[in-house]
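Colleague: Protein chains in written order, with my numbering: chain A, 85 to 574; chain B, 50 to 828.
It cannot be assumed that every hint is accurate.
Cut-off 20 Å, straight-line C-alpha distance, at most; resulting in silico cross-link-like pairs (PhoX-like, lysine-lysine) [to be verified]:
hint, chain 1, residue 1, chain 2, residue 2
1, B, 613, B, 560
2, A, 239, B, 560
3, B, 70, B, 560
4, B, 701, B, 759
5, B, 437, B, 118
6, A, 239, B, 759
7, B, 660, B, 210
8, A, 239, B, 118
9, B, 430, B, 118
What the hints contain is simulated information worked out from the structure, not anything from laboratory work.
None of these values were measured; they are calculated from a predicted model.
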Amino acid sequence: MSEAIRFILNGEEVTRGDFGPTETLLDYLRLRRRLTGTKEGCAEGDCGACTVLVGRLTEQGLRYESVNACIRFLGSLHGTHVVTVEHLAGRDGALHPVQQALVDTHGSQCGFCTPGFVMSLYGLWLSNQAPTRADIESALQGNLCRCTGYEPIVKAAEQVSQNRPSSLFDPLERDHIQIMAKLWSIHSEADTIVVEKDGARSIVPASVAAFSDILAEEPDATIVAGATDVGLWVTKQMRLLNPVIFINHLTELQSVTSDETTITIGAGVSYAQAFDLLTDEISSLGRLIDRIGGQQVRNMGTIGGNIANGSPIGDIPPPLIALGAELTLRTHAGRRTIALEDYFLAYGKQDRLQGEFVEKVCVPRPAEGSHFAVYKISKRRDEDISALCGAFNLTLDAEGKVGKIRIAFGGMAATPKRAKHVEEALLGKEWSWETVSAARNAFDEDYTPLTDWRATAEYRSLAAKNLLTRFFLETAGAPTELRRFELEEA
Amino acid sequence: MDKSTFETKPIIKGPMHSSLKHDSAHKHVTGSAEYIDDIPEPSGTLHGGLGLSDRAHAEIVSVDLSAVKAAPGVVWVMTAADIPGFNDVASTGQHDEPLLATTKVEFHRQPIFAVIAETRDQARRAATLARIEYRDLPHWTDIDGARENGAPLVVEPMVLKRGEPETEIENSPLRVQAHMYIGGQEHFYLESHIALAIPGEDEDITVWSSTQHPSEVQHMVAHVLGIANNAVTVMTRRMGGGFGGKETQGNHFACLASVAAKKLKRAVKFRPDRDEDMAVTGKRHDFRVDYDVAFDEEGHIHAVDVTYAARCGFSADLSGPVTDRALFHADSSYYYPHVRLASQPLKTHTVSNTAFRGFGGPQGMLGAERIIEEIAYATGKDPLEIRKLNFYGKRGSERTVTPYHQEVEDNIIAKVVEELEASSDYQARRQAIIDFNADSPVIRKGIALTPVKFGISFTMTAYNQAGALVHIYNDGSIHLNHGGTEMGQGLYIKVAQVVADTFQVDIDRVKITATTTGKVPNTSATAASSGSDLNGMAAYDACRQIKERLIDFATRQWKVGRDKIEFLPNRVRIGSEIVPFDTFVRAAYYDRVQLSAAGFYKTPKIHWDRKAGRGRPFYYFAYGAAVSEVAIDTLTGEYLVERTDILHDVGKSLNPAIDIGQIEGGFVQGLGWLTTEELWWDAKGRLRTHAPSTYKIPLASDRPKIFNVKLAEWSENAEPTIGRSKAVGEPPFMLAISVFEAISMAVASVAEYRVCPRLDAPATPERVLMAVERLKSIG
Ligand SMILES: Cc1cc2nc3c(=O)[nH]c(=O)nc-3n(C[C@@H](O)[C@@H](O)[C@H](O)COP(=O)(O)OP(=O)(O)OC[C@H]3O[C@@H](n4cnc5c(N)ncnc54)[C@H](O)[C@@H]3O)c2cc1C
Ligand code: FES
Ligand code: FES
């Protein structure tokens with residue numbers, strides 16, 4: 085066991101064994117290191133002013149991703165390379181092309197959001213040589229600017245994509261080999277790390293097996309994967325967590341495999357990874373994931389965390405329930421598998437036993453010729469929590485009758501929930517407007533939604549019915565959903 | 050061949066009318082621009098946390114702070130009793146806004162005490178530990194609730210009247226009476242409020258404050274400490290956004306930090322968390338507009354009678370001038386032959402609403418555009434036709450007098466609209482949309498062209514003054530200071546351009562320095578779009594004085610006439626000699642020429658009698674117009690802005706790049722106000738949209754998919770403003786009304802454009818869907 089984490093901050097190797105489990109990367113940068121280029125705009129992952137890049141070793145090599153430093157805990161950084169805005173300009177002070185582009189397009193006004201935009205654009209610049217408008221907007225979904233109206237920032241992204249003077253110019257390309265080597269050497273000491281400060285412990289297990297053993301001993305520990313939920317418990321509710329087990333580095337939990345019938349998604353798979361791997365398979369799901377959080381949240385947040393969290397407005401459960409997914413829970417002693425919908429017992433209550441963690445979710449592929457769609461409705465299209473989210477999975481039989489139907493919604497009840505009355509009203513009937521319009525009313529038997537700041541109960545009820553109508557129209561070949569860009573453009 | 054075309058005339062770097070970069074652009078992108086939280090803290094700096102009410106309206110029965118005091122790191126807990134001067138931060142002298150509540154609270158999250166601790170985290174945690182007992186009192190949070198409860202007004206209302214509206218309304222062929230709700234708006238400057246107070250000797254104190262109004266912070270800190278203004282120095286280098294949200298709202302944090310800093314003799318910083326910032330600081334006013342409009346079959350307006358009721362919150366703050374400005378813009382660009390406009394600034398148990406870009410103007414104009422829509426749907430015409438029919442006339446016509454009896458002398462709205470209508474291909478696109486809608490069952494489109502006419506000047510005449518301080522050091526470098534603050538709008542660079550241009554030196558020679566009450570006193574807020582009009586002129590005045598002295602000096606030294614002296618780029622021609630600027634300045638210094646001057650400016654011509662509702666509150670008007678096209682989904686109410694074209698008048702632009710930035714940014718901010726930004730209070734009077742997770746400002750993917758912005762390059766200010774430019778901060782915000790009206794048209798399509806959709810703002814997907822449903826049931 086070791087007692088310190090190691091990571092690289094810009095050009096410097098850092099070893100730290102003196103932090104609490106809820107110390108954020110942002111506070112570390114600003115308060116302890118006086119790296120004040122990274123800003124705090126909200127401390128909840130929504131504004132992007134705190135954006136930094138975190139590089140980590142993956143099967144594809146060293147991968148840099150934008151993340152929100154405000155909700156990223158220090159303990160989750162072992163074996164990574166943290167890059168802040170201060171690292172970008174050349175040693176002679178010359179601006180990085182990404183920075184220069186923002187200057188050239190007048191992309192900053194008050195400038196407070198700007199370092200965050202620089203880092204998001206930099207993340208895009210590193211990973212995408214020819215971004216489309218859709219790619220750019222997607223990369224910027226997690227960055228708010230109140231001054232510019234974004235037009236010059238988007239232009240900067242377009243202008244700079246082709247501007248790659250020489251690899252020596254870019255600090256990450258220049259030092260790529262050394263950084264890889266350093267990170268490998270950090271990872272080669274495959275020890276569980278426990279850092280203790282004032283009696284509070286951060287635990288970084290060496291493997292999934294170690295994780296399950298620790299969890300058995302510490303059943304009350306808080307598991308932290310992407311921290312996109314847990315981060316806010318700390319910054320907003322000021323909860324004290326102890327101990328915390330970090331699992332975001334466990335690559336064993338991060339695989340997506342698929343065979344003819346099933347796609348298996350590890351609990352630790354991030355939204356970003358899922359987007360890359362699932363979009364081709366189930367395009368509707370890809371479009372949904374592209375509307376969860378901003379790019380930073382998608383880089384951090386995990387599918388397992390979204391399910392485990394048990395929120396009634398999480399976006400991943402409805403489509404996976406509609407697809408008939410199964411959830412595998414694991415302890416140090418073994419595994420059990422349940423239907424995903426059975427995991428959600430009541431508001432704030434899930435079927436997770438002491439010492440259990442979510443290992444993976446197995447999603448049956450939509451059958452050949454079946455129709456699957458998931459629709460998210462939110463006040464703002466991107467980076468917003470669903471007012472409601474509905475998923476439909478339909479298989480017609482040879483006579484054009486409803487052979488199989490599964491419908492699940494989020495935002496309509498205390499948990500993600502099937503619309504069983506609606507399903508019943510459709511099953512075995514001819515897939516026609518008459519059937520659909522009759523079935524619409526069954527939603528009132530399935531759901532009694534609430535009124536809150538996202539929507540009224542009346543709206544939720546009506547929109548849910550209308551989403552069934554939309555689904556019907558789409559299966560009839562009349563796409564009705566408004567899309568800013570077609571997926572092909574993305 | 051004309052030789053002159055080959056000669057490049059040397060010009061300075063950074064003259065007026067050129068597209069210079071923001072002076073801090075380089076620092077912004079490298080993260081080295083310093084905001085207050087980035088300044089190295091003096092050793093021993095303490096941090097403040099706010100103890101907030103959890104009732105909307107209640108008597109405070111008892112306050113037990115023992116757990117707060119005992120919490121780790123806590124140094125001091127401060128209540129109203131600890132305030133040495135006055136427990137009052139009411140910005141307009143109404144004494145209705147305590148710094149800390151004492152016997153009662155009047156909105157949920159009102160500050161009751163402050164914790165000072167070694168770290169910010171400790172202060173925040175400790176602040177949650179108070180035990181406060183309340184006796185609840187009845188509360189109301191919105192306008193209808195206020196009316197039902199006979200709520201008091203927070204200030205005297207205003208009435209504007211011209212002609213005989215009562216009789217004309219009765220006698221007109223057509224009449225519509227209805228009402229409209231308009232939501233408020235959170236500023237969401239990216240940098241939350243912050244203040245750092247550093248105690249000095251005697252009574253002195255220096256405060257770094259993120260404020261648009263350093264002078265007011267200075268006066269308020271002095272008032273709260275019970276000391277003279279001259280003991281307080283307030284500094285503001287830059288804000289991470291202001292938008293009106295830092296016009297008066299910074300007072301709280303600066304005053305709390307100052308009281309603690311003086312008491313504890315240590316530096317104290319207050320930086321609220323984002324959620325606190327949103328809960329405890331004011332926002333744009335919500336309005337309910339009750340209108341009664343009379344018109345004829347052609348669509349000519351005969352008379353209007355409108356009441357603008359506002360949710361002001363628990364105190365006056367700036368609600369008086371905000372509701373006044375709503376009335377000043379209740380005419381939009383239209384001539385009302387007979388008119389009565391009244392304001393109703395209602396007290397509610399919510400945070401006190403405040404300035405926000407446009408300052409009531411946007412709400413005023415939105416009401417006017419609704420009236421236009423009513424007439425259009427009643428007469429079966431394109432709203433644009435109704436707009437054009439009712440525009441103010443040219444000078445000399447009988448249609449130039451506003452409801453406040455000011456003549457519109459500089460009217461160019463018809464020309465702006467005509468140009469935009471053509472360049473955006475409005476007519477053809479509108480027809481195409483009508484055709485599209487005819488056979489599109491679910492997706493519907495809409496298009497609208499709306500005008501902007503915005504009055505420039507503080508309606509409080511006294512505020513229209515400004516000062517500047519310019520030094521030339523003996524190496525020829527220039528130090529510039531003025532009373533305006535930089536919040537991203539590019540004021541600093543514009544004023545520096547004025548200085549560079551006046552002396553004909555490269556702008557690199559001009560050092561822009563932080564705004565401070567120690568250099569320029571008694572300044573006005575950087576607000577009402579007036580920043581460069583006022584401060585540019587004041588700086589020009591300072592430069593002019595120094596220049597005069599330099600010219601005097603040259604005539605003495607070189608024994609030439611004044612007409613033989615010319616400021617060339619970075620040099621001065623004196624007779625036949627050409628002297629580099631710095632050499633010239635050094636020579637002047639040795640001749641004991643004063644190379645420093647305080648400049649001053651006050652806007653001419655304006656005057657206003659609020660009681661009589663008459664005068665000339667505005668020096669001039671800024672104009673603009675926008676066309677927006679949207680698509681809506683009639684099953685869900687979701688929408689997309691497909692395209693926006695803007696033509697906007699900034700006079701002769703001081704800096705076209707900066708001005709275009711203001712237009713684009715203002716437009717998108719207005720778009721947010723009218724679409725996704727919704728403030729939502731629950732039954733207990735708690736604001737539940739107090740964070741970016743619940744309050745949704747536009748993203749990059751919300752801006753128009755096609756976005757064409759142009760300046761009306763032919764325009765020059767009719768008044769002799771600095772470089773004949775016009776103010777640009779606020780007017781473009783209202784261009785976003787075009788989006789709202791386009792959504793409205795798309796909704797109207799479900800009832801064949803026969804019924805006015807009467808969409809309320811903001812047009813969230815929910816409101817759009819509900820409007821569609823309502824029209825379907827009628828149509
Ligand atoms: C700005 C922002 C925007 C967002 N937008 C959306 C959105 O549009 N739609 C949406 O659905 N969600 C949204 N979210 C929330 C979403 O990101 C989270 O629900 C996320 O999926 C949780 O994953 P995580 O890895 O970050 O979990 P964490 O925050 O690390 O953990 C969440 C919970 O799950 C538990 N947990 C995590 N992994 C496991 C595991 N393997 N086994 C057992 N328990 C585990 C944790 O203990 C904790 O209780 C948003 C969040 C933010 C900050
Ligand atoms: S500070 Fe807003 S996302 Fe981190
Ligand atoms: S430049 Fe001010 S928030 Fe983006």
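Colleague: Look at each hint and say if it fits the structure.
Modeller: Do the hints match the structure? See the list:
Proximity of residue 613 (chain B) to residue 560 (chain B) is assessed by CA-CA distance (about 29 Å); at most 20 Å being required, the pair is judged violated. Among the hinted pairs, residue 239 (chain A) with residue 560 (chain B) is inconsistent with the structure: their alpha-carbon atoms are about 30 Å apart, more than 20 Å. Under the criterion of a C-alpha separation no larger than 20 Å, the hint pairing residue 70 (chain B) with residue 560 (chain B) is consistent with the structure, at around 15 Å. With a CA separation close to 13 Å, the supplied pair residue 701 (chain B) and residue 759 (chain B) stays within the 20 Å bound.
Of the pairs offered as hints, the one joining residue 437 (chain B) and residue 118 (chain B) is violated, with about 66 Å between alpha carbons and a cut-off of 20 Å exceeded. Distance hint between residue 239 (chain A) and residue 759 (chain B) is fulfilled; the C-alpha atoms sit about 16 Å from each other, no more than 20 Å. Annotation: proposed proximity of residue 660 (chain B) to residue 210 (chain B) holds, straight-line Cα distance about 11 Å (limit 20 Å). Taking the CA atoms of residue 239 (chain A) and residue 118 (chain B), the gap is near 52 Å; set against the 20 Å cutoff, the hint is violated.
Restraint check for residue 430 (chain B) and residue 118 (chain B): not satisfied, since their Cα atoms lie roughly 68 Å apart, outside the 20 Å limit.
In the structure shown, a violation is registered for the earlier hints numbered 1, 2, 5, 8 and 9, in ascending order.
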